[in-house]
Amino acid sequence: MRVEFSGAPEIAAPVELVWERLMDHKFVASCAPAVESVEAVDDTHFKVVSAFGVGSVKLQFALNVELSDIQPPRSARMSVQGNAPGSAMHAESTVELEPLGPDRTRLKWTASSDVHGRVATVGARLLKGAAKKITEGFWKKFARRVGTARK
Amino acid sequence: MGTLFGSGIKRREDPRLITGHATYTDDVKLPGLTYAAILRSTYAHARLKKVNVARAKKAPGVVAVYTGADVKERVNPVPCAWNVPNCDLKTPPHPLLAHEKVRYAGDGIAMVVAESREEARDALDLIDVEYEPLPAVVDPEMAAQPKAPQLHAEVPSNVAFTWNVAGGDADKAFAEAAVKVDLRIVQQRLQPTAMEPRAAVASFNPGAGQLTLWVTSQNPHIHRFLCSVMLKVPEHRIRVIAPEVGGGFGSKIPAYADEALVCFAAMDLKRPVKWTEDRSENYKATIHGRDHVEYVELCGTKDGAITGLRAKVYAGLGGYASTAAPGIPTILHGLMYSGPYTIPNVKGTVYGVYTTTTPVDAYRGAGRPEATYLLERLVNLYARKIGMDPVELRRKNLIAKDKFPYTVATGITYDSGDYQAALDKALSILDYQAFRAEQAKARKQGRYLGVGVTTYCEICGLGPSQVAGAVGFGGGLYDSAIVRVYPTGVVRAYIGGKPHGQGEETTFAQIVADEFGIPIENVEIVAGDTEATPQGWGTYGSRTTAVCGSAVKIAAQRVKEKAKKLAAHLLEANEADLEWRDGKFVVRGSPDQAKSFADLALMANVAWNMPAGTEPGLEATAFFDPSNFVFPFGAHICTVEVVVETGQVKILRYIAVDDCGPQINPMIVEGQVHGGVVQGVGEALQEIAVYDEDGQLLTGTMMDYAVPKASQMPKIETAHTVTPTPVNPLGVKGIGETGTIASPPTVVNAVLDALAPLGVVHLDKPLTPARVWAAIQNGKKGGAR
Amino acid sequence: MKQSITLTVNGTDRAVNVESRALLAYVLRDQLDLTGTHVGCDTSQCGACTVLLDGHAVKSCTLLAVQVEGRAITTIEGLSADGLHPVQQAFWEKHGLQCGFCTPGMILTAVDLLSQNPDPSEAEIRHGLEGNYCRCTGYQNIVAAIGAAAAALRSGKRAGAAA
Amino acid sequence: MIPAAFEYTRARSVADALKALGARNTKVLCGGQSLIPLLRFRLAEPKRLVGIGHLSQLKGITRTKGGVRIGAATTYRELLESKVLQSDFPLIGEVTAHIGDLQVRNVGTIGGGLAHADPAADMPAVMLALDAKFQLQSAKGKRTVAAREFFRGPFSTAMKPTELLTEIQLPALPANAGTAYADFEQLASGYALVGAAAVVARSQGSVTQATLAFTGLSDTPFLAKSAGELIGTKGDAQAITRVAEGAVEGVEANDDIHASSAYRLHLAKVAARRALTEAVERAK
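Line order of the protein sequences matches chains L, R, W and S.
Heads up: the first sequence at position 149 corresponds to 149 in my numbering, and the numbers run straight through without jumps.
Heads up: the second sequence at position 454 corresponds to 605 in my numbering, and the numbers run straight through without jumps.
Heads up: the third sequence at position 32 corresponds to 968 in my numbering, and the numbers run straight through without jumps.
Heads up: the fourth sequence at position 244 corresponds to 1343 in my numbering, and the numbers run straight through without jumps.
Here chain L stands alone, though its shape is the one from the complex (with noise of 0.2 Å):
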């Protein structure tokens, strides 16, 4: 099962705080729900262990997350691999900061995934829907705190 989304959300802050909160994992991870925990390997590899799923719907994904691409204050490039018992899930991701303002930035966000095994097999109805309202309340969330962060 493939899934790709994609958003743009403005946000009220300069572009440098933007980029800044961007390459905090500790701030991304805290925008991003159920994690459960974030360990940095280096400055572009981390561990991730995050539930995925809403409702009664959850599986527990053990993720390794790569940046690259980076080119500080426009754009990086993330991808995710991520493995769950019988299940297993790719995403690639990419961002894009455009300064609208002193005071506004647009986010462009695009994601792409790819999901293998028993959540493609018999999850695929349950959590297609799932992973886009994540997906975008992920970005959502992150926009609204880097606003309300700056106030």
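By construction, these hints were calculated from the structure, which means they are not laboratory data.
Please note that a few of the clues may not be correct.
25 Å max Cα-Cα, derived SDA-like pairs, lysine to any residue [said to hold, decoys possible]: (1) Lys-161(R) to Gly-1019(W); (2) Lys-1164(S) to Gln-1185(S); (3) Lys-141(L) to Ala-40(L); (4) Lys-938(W) to Val-1369(S); (5) Lys-1368(S) to Lys-161(R); (6) Lys-132(L) to Pro-102(L); (7) Lys-1368(S) to Arg-598(R); (8) Lys-161(R) to Ala-1084(W); (9) Lys-161(R) to Ser-1016(W); (10) Lys-1118(S) to Glu-1005(W); (11) Lys-715(R) to Thr-154(R); (12) Lys-1324(S) to Pro-1273(S).
Each pair of labels, with its calculated beta carbon distance range [said to hold, decoys possible]: (13) Gly-212(R) to Asp-949(W): 25 to 31 Å; (14) Ala-8(L) to Arg-206(R): 42 to 48 Å; (15) Lys-1259(S) to Asn-356(R): 57 to 63 Å; (16) His-90(L) to Lys-1259(S): 44 to 50 Å.
We put the beta carbon where it would ideally sit given N, CA and C, even for glycine.
Using the hints provided, position chains R, W and S relative to the given structure of chain L.
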């Protein structure tokens, strides 16, 4: 002929089944039983970098964990047993557990054995597998392209075989033909879905060196044979028991790694081991059916005489070649391209292609549904092109009844038939002309009715063995029976076949009871235990009644001949003076001079007074090898209404006229037709296995794979004609698969007939409302094809 | 972690020691040796595992044993104390089964269906079997069997009332 | 398929259940017909389950001043057999007859199904159309949430993990109201590809109230705003078609192996038209 042959008596297997006292494989319990669970690949195609079972081994209740590396030296791969000749067949090894690569999502990687089902399942989650994902390819046509991902290093372009069939000169026929039609047809992959998932229980007696395997099998002798090969255990040390089997439809023919692993573990641990698949595991790890992409063409004259057929077929095999897989799209498909018609020129090429999907093998009909479908679609397209009624076109090309035995262009010889009679009967049941009038009237009111008519014949009753050898089938295709008479006159027949719903415990008892003039209650049919039954080659290919039933008949006749000899001896009469009347041998002209079957049973078994040179006992074994296949045939008609607004198809009537020769038990024959037709209607309207581009099966549960439900299926009207076959002593043909063979084109042609005014020319199965609606939208735009 | 619960199974109180996660179907099959209850799917679709819970058809693979503590369960083995139940009889008469795997669940669903609707139409029978799959019979003879059983039960009741 | 291990608490009362819900990673088990399949696939692995399906406090269908109250643990079968619902809310029975199957309806509960919030379930759309209110209870007290505020996304609701859905309150329908439901089922699961529930009231031939709700179409059941445009019309075919067309405008419809989004949108219009037409017909 006796009094029971032809009688629709109640089934003798039913009392245990309706009271819950039947024993299926998962019901088998043994002291010290352990439970196995198999870890299956998450990815469709990947290199295995690491399989770490350390945590699983330490988990509560775990007795053992095996990986591919652990077993590869100790067992042989899963064999492919149908080595179709002259097609450069390549069957790379199929390891019991993957150790280098996985080739479909569901490929076994490790097996846990634990003290309970729960503990075995829990431990699976503790196995750590590191994969290096490789690209997947799920479509057989795409997989055969040069740049497609490669599954097996030794199979370039994933093409396992290229098989050709030709008769006459098809290219010339096409060059000269006035009319040509062609289609690209996708015959979708199907999930067989026997209601009982597969299971295996193995027990090993180390003192005796004896292995016993209970397994969901349509052919316990084949399982014994192939387990012996996989396990390197002599065949006589293996007893295979197929207890009650909850449906097969082909999916319980093949040898699977799973039962061999269960045996391996039982021998290794010296404890019994049970494994039962879940439905979602069944959908990934049990064979699928069909999966063809076909380019097919038909040519003929302007007045509707078919002169040639050409086909190029990509047949998906999945990740490995399953037991009978190469024979399905070739021998059981390509040889049947002519169907019931006189087509002088035929040419076909079939590519067997590996894809990163669950292996494909025989599924009810196995090759013949695909052949019948492509032919019947082409015939309708041809009729449409020349503006001829499709029934008339069929009638014009059917092989006439006085032409049998008839050899078709592909070289096989049909035994017997009266195709016109079946067609006439079906048409009269419907009143075809009246329906056409109704259809015309309805169209004026904006309602879309359609009718589909199929005439078909199929090849079944597999043997003969000599042909099996010639076409590379790795076994014989005779069958066998022992008829044993006990001193009290009751009889047991031990048969090589293994019925699993088809009712032969009843029909074969009818044969035996008739032969001996005894009540059917005095006869029992024993099947499914290799320790008790003679060598058989299984229940598939609609062969059990035609082949094994004939063996039963012959064995019973042999018993009766011996009984007659004994009767003559005891009555001090000439054998020639005896006649068989009311269950007795009677001296002609002296009705009080008689010996009943029971008398003779006792005398033969006590052997106090046997004729000179005659052995005691009343028992005979017969191995029956038919002289040819049998070719049942018939005509099916379906009428439908399509709700154009929503794409929903409603079947108005379904009429099945089939000819399987004389019917031993018409009630059972009718039941086979009902079930077969519904399976084919499911194929026509709703069943499809869907993979995503990564090779993940998206129809992995019954929530997504649309097994037909009662409310979705039509009522079926059945009728028959009776044309005996000369190739077996019962005169019978098979009926187990005809419904599934005939119904998909019948339904699809009916729907396309309804949609004809909307510009829809072709549409691939299954005709779900979503697909029909989309086709109508496309047709409105003039883009239909 | 196991706990002891009591179930009334086919009229007899049975104490069983079960894990919380134990599904009723497996408790019946593995612990109480009632293997007439079959498991054919894992999504509550096929109905092979159907039993009666206080007289109502339920899917025993989609119930925890602890959930039905203290309640009365009837399996196919206990449907009829002596002889065949009219529904069983009708399945036999009408050839309403082939491989038999779905049959216990079919029969028990039919028993509940007929208790709710003693005189169902063919369409109502087919709708009532929404949760029971059969891959062998094409349903036709199952529908016929349930229709025949309904008639038999109705006339049996009339005969009973008259007596 | 065997669930991962968990602890099970059989609640002795609602209060007892609420206490147990305080613990982390705890789920409520009512009929279990939605949750148990997830447990079997280990797509849900709660540590604790609190069983409430047997609690008589949570069962029953009673008339209240303003309508009808339904206990959350009332089974679908009990809904079907309820004389009160047959007379006051026939829509409930019509829809319930198509939920799951006979066996599932014998155990499955209205509250369990609503709390599960499957985006393709039938009942949520009906609750929206009927403007139901849900009573949620926690150890801290009770609150009432409108169905129209309850469904937040696929399998997501306004409920907190410590809350229990205890009852469903249906406000009385206006006089001369007609209700109807039309749906198209996914062939395998029987879940709605699309379902539409309609409530229409008429007075002297004119529509005075119209509500239309969808399920299955997108990731949450929702009310169609266009339904209001029926008010003041005669509820004629043209007006209904206009409302049905408008109802799905701009909706991002689900797309899966069973139906494309284009087909779902089309079916939604058909279902809306059929449900509205029937509701108008009945609103006499």
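Query raised in the report: Does Gly-1019(W) lie within 25 Å of Lys-161(R) when you go C-alpha to C-alpha?
Result: Since the Cα atoms of Lys-161(R) and Gly-1019(W) sit roughly 17 Å apart, the hinted pair holds (cutoff 25 Å).
Requested in this report: Take the C-beta atom of Ala-8(L) and the C-beta atom of Arg-206(R), compute their distance, and say whether it sits inside 42 to 48 Å.
Outcome: Holds: the Cβ-Cβ distance is about 44 Å, inside 42 to 48 Å.
Query raised in the report: Within 25 Å, alpha carbon to alpha carbon, are Lys-1164(S) and Gln-1185(S)?
Result: It holds: about 18 Å lies between the C-alpha atoms, which stays within 25 Å.
**Report entry** Straight-line alpha-carbon gap Lys-1118(S) to Glu-1005(W), limit 25 Å
**Finding:** Answer holds: Lys-1118(S) to Glu-1005(W) is near 21 Å, not above 25 Å.
Report task. Take a quick look at whether Lys-161(R) and Ala-1084(W) sit within 25 Å of each other, Cα to Cα. Result -> Holds, at about 15 Å.
Query raised in the report: Can the restraint linking Lys-1324(S) and Pro-1273(S) be considered satisfied, given a maximum Cα separation of 25 Å?
Result: holds (19 Å)
Query raised in the report: Is the Cα-Cα distance between Lys-141(L) and Ala-40(L) 25 Å or less?
Result: holds (22 Å)
Query - Cβ distance range 25 to 31 Å for Gly-212(R) and Asp-949(W), holds or violated - result: At roughly 29 Å between Cβ atoms, Asp-949(W) and Gly-212(R) fall inside 25 to 31 Å, so the hint holds.
Report task. Assess, step by step, whether the Cα of Lys-715(R) is no farther than 25 Å from the Cα of Thr-154(R), and give holds or violated. Result -> Holds. Lys-715(R) to Thr-154(R) sits at ~20 Å (cutoff 25 Å).
Query raised in the report: Are the Cα positions of Lys-1368(S) and Arg-598(R) separated by 25 Å at most?
Result: Measuring from Cα to Cα gives roughly 20 Å; hence the hint holds.
Requested in this report: Check the following: the C-beta atoms of His-90(L) and Lys-1259(S) are separated by a distance inside 44 to 50 Å.
Outcome: violated (33 Å)
Query raised in the report: Is the straight-line distance between the alpha-carbon of Lys-132(L) and that of Pro-102(L) 25 Å or less?
Result: violated (31 Å)
Hint check: violations occur at hints 4, 5, 6 and 16; the rest are consistent with the structure.
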